[in-house]
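For reference, the chains in residue letters:
There are 2 protein chains.
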Amino acid sequence: MLNPIPERQWDTRRAEKRRRQALGASIATGKVIPTGDIVAFLEAVTAPGDRVVLEGNNQKQADFLSRALADADPTRLHDLHMIIPSVSRVEHLDLFERGIARKLDFAYAGAQSVRISQFLADGLLEIGAIHTYIELYSRLYVDLTPHIVLTAGYKADRDGNLYTGPSTEDSPALVEAAAFRDGIVIAQVNEIVDDPADLPRVDIPGSWIDYVVQSDKPFFCEPLFTRDPRLIKPVHILMAMMAIRGIYERHDVQSLNHGIGFNTAAIELILPTYGEQLGLKGKICKYWTLNPHPTLIPAIESGWVESVHSFGSELGMEDYVAARPDVFFTGADGSMRSNRALCQLAGQYAVDLFIGSTLQIDGDGHSSTVTRGRLSGFGGAPNMGHNPGGRRHATPAWLDLIESDDPLARGRKLVVQMVETFQAGGKPTFVESMDAVQVAKDSGMPLAPVMI
Amino acid sequence: MLNPIPERQWDTRRAEKRRRQALGASIATGKVIPTGDIVAFLEAVTAPGDRVVLEGNNQKQADFLSRALADADPTRLHDLHMIIPSVSRVEHLDLFERGIARKLDFAYAGAQSVRISQFLADGLLEIGAIHTYIELYSRLYVDLTPHIVLTAGYKADRDGNLYTGPSTEDSPALVEAAAFRDGIVIAQVNEIVDDPADLPRVDIPGSWIDYVVQSDKPFFCEPLFTRDPRLIKPVHILMAMMAIRGIYERHDVQSLNHGIGFNTAAIELILPTYGEQLGLKGKICKYWTLNPHPTLIPAIESGWVESVHSFGSELGMEDYVAARPDVFFTGADGSMRSNRALCQLAGQYAVDLFIGSTLQIDGDGHSSTVTRGRLSGFGGAPNMGHNPGGRRHATPAWLDLIESDDPLARGRKLVVQMVETFQAGGKPTFVESMDAVQVAKDSGMPLAPVMI
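For the protein sequence lines, the chains are Z and E, in the order given. In case it helps, the working numbering puts the first sequence at residues 8 to 459. In case it helps, the working numbering puts the second sequence at residues 8 to 459.
The following block holds chain Z by itself, in its conformation from the complex (with noise of 0.2 Å):
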């Protein structure tokens, strides 16, 4: 007689997901964990090897678990895959001191980029890939499914809702990835909620949550986009406007992305007064794709602006926004709802526009902004400051970039980048090589930080 074949078990995630949950059941009260017992809670429903997503982004932090994490016990906790769209904290390296964790993919890293390169050079760290914000959040649906999400919001319900506010920015498209896939999912807010009417609004369906912790502190959220105007400088303005009349007017401009930086932020500026001069107001600059800039608002007040679409929010900008809710994406409570996977999806397929600045540009157009000795990665400016060949869609300004008579020729994304030949110190901006390329060869990242 044959043996039968053994039956595959076909919901081993599932089957480890409920062990760790019951493994967590005595410190949690139903999804809720009491905040002095988070870090039990995390060594209880982690396990050494996991992939790990760890909502830090350009502005919100799930700082309170970041920090518990790199509390937790190595012995316990070890050789973690962390994935962090936006490494901007202390403590997101120090779980690679600790050994807690050992592999890191992410997009970008702001103050904590010269510490990656020491970790990779001492050996401490080993990177997965560094994407942009969008490619990251695609791939925890293909290769990079994460077994833990820990995420960060205003307010949750016992039941797991979670009211984002202003900042919902990338939560959407993490969680997601662990909530239909058997991962874990734990929010921080700054305040649970015992009445469910309580919750502004649900930004995040409880049932996508496994369990919610109020944090020591509210999260984290960097002012990013708040800049002194009067550090705007003559050129500055001189360079607006010759991207308003030589640009925005020439091309017809309609849809738009700002980045950071004085010289887009003297564009904002400037609107009402020099673009109101040439005659363009209601003609150009009407659907943006940014976040609460505060060097917009003359524009807004002065009526230059149908609709701002956001990725992220900008701490105290909140009651602005609030009080604009036919300029911005606001929900029924009037809060204002970002969308960071959304907003690049628009900056990429949907705007005439994306111009920002950059630190090197090389003889063949390529720009970074990477220099010696800090690993920065990439964020969103790739996937906005691209032309997407999968574009179809024609409007003025794409169509105005067409060259040839061909009848398959295609229109263009208007990318344009805004710099000085000499930067302070009399650096040069055109180079013959950019430091990206020696700094891919000292990395050995299989190729070069090249911006766009």
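These are calculated hints, taken from the structure and not from any lab test. Remember, it's a predicted structure, so these values are computed and weren't measured experimentally. Please note that the accuracy of each hint is not assured.
All copies of an identical chain are treated as equivalent in the list; a pair is satisfied when it fits inside any one copy or across any two copies.
[As the list claims (entries may be wrong)] Once the Cα atoms are required to be at most 25 Å apart in a straight line, the calculated BS3-like pairs of lysine-lysine come out as:
1. 24 with 293
2. 24 with 110
3. 38 with 240
4. 110 with 293
5. 24 with 38
6. 448 with 110
7. 290 with 110
8. 240 with 110
The hints should help you fit chain E onto chain Z, whose structure is shown.
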């Protein structure tokens, strides 16, 4: 004395939404619209000239709502600007024939593509643009923000919490655009439950949905990917063997998207036999972005497949998917969660290979499925079938396509078209000039509808 400058009102959209909701208040009970009153309700809350998003995608159709809208009184509702991802039902075009709608933005038209061309010639219809799916979603957040969104799900409670079932599709991307910009969201469902606990899970939170209505019959869903394997011919098997041996094995293809068609179905079917003989199991074809194709079952059962993330569902595959949670994305309730926007992103940015079929290829490698007299649109192929310039992470397959020593050289996504030299009736696949060029001229399209 100077006259005070009149204060601008900044919540005109919200006020207009409230005004319309007041008009519908006598018909609906809270959020619930009685099935028989749907036409009157749509007439009450919609206004001439509105931008109306109607969910019609590859599979799921908000057909009760589209039939109701087509039954509206054209003297009350006219000149609507319809935004329909996939124009696939008779009533989608009846809207134009009856004068209820005037302008159309879409991504794909199947059976209705001939009629679109006729209506365009007859002046009954004006086309905004033809998009890929993901471009169309993107524009909902920029210059095509909707006044009304009509969507479909399996179940809802009386607070509007929506269970989409396995066919989540593009509902979240469509609904979010209206829910957070004071548009009105109406969901048709097969069943309204009294107790929220009777919802298997929540796919879209109730605070995003303004109204629910129980449809007269379950929403239509097209079984698009179910093909009779007996129709797979020896030439398909031969082509599948060539693809596996010459492309998948050679370039180490780990993650991939398969479209519809007998060629790719043949690849799926022979992985457990031919692929296994080559010793490729566990080495290639591990991570998939595609709908639950029945022809993938042998590869799944024999352990080839690590994960499948899906755009939408496939009728008849629900129970199989629910029984294989290690492979498919499923919710805590056990049923699949699909997401067209995220899967398109994954197919664009996170896979090694896109493979499909086409009807015409020219000398430059351009291809198109457009033939004369049909405006079939783009769907998702141009998005997934291009090499995105914004990609920054590397995989072995991607790096394998670098052919130069330039330190700035980039890898490529593998984009493959499987065709026979001659089609049925001796029609050549390789042509001097694609029909698409003439179609563009005849229809006044700004550029020829090239797929890839």
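Now the hints, each set against the structure:
1. 24 with 293: between (48 Å within a copy, 22 Å between copies)
2. 24 with 110: within (22 Å within a copy, 49 Å between copies)
3. 38 with 240: Neither way: residue 38 and residue 240 sit 53 Å apart in one copy and 54 Å across, limit 25 Å.
4. 110 with 293: between (43 Å within a copy, 21 Å between copies)
5. 24 with 38: within (14 Å within a copy, 36 Å between copies)
6. 448 with 110: Only inside one copy: residue 448 and residue 110 sit 20 Å apart there, 54 Å across copies, limit 25 Å.
7. 290 with 110: between (49 Å within a copy, 22 Å between copies)
8. 240 with 110: Neither way: residue 240 and residue 110 sit 43 Å apart in one copy and 46 Å across, limit 25 Å.
Hints 3 and 8, counting from the list given before, are not met by this structure.
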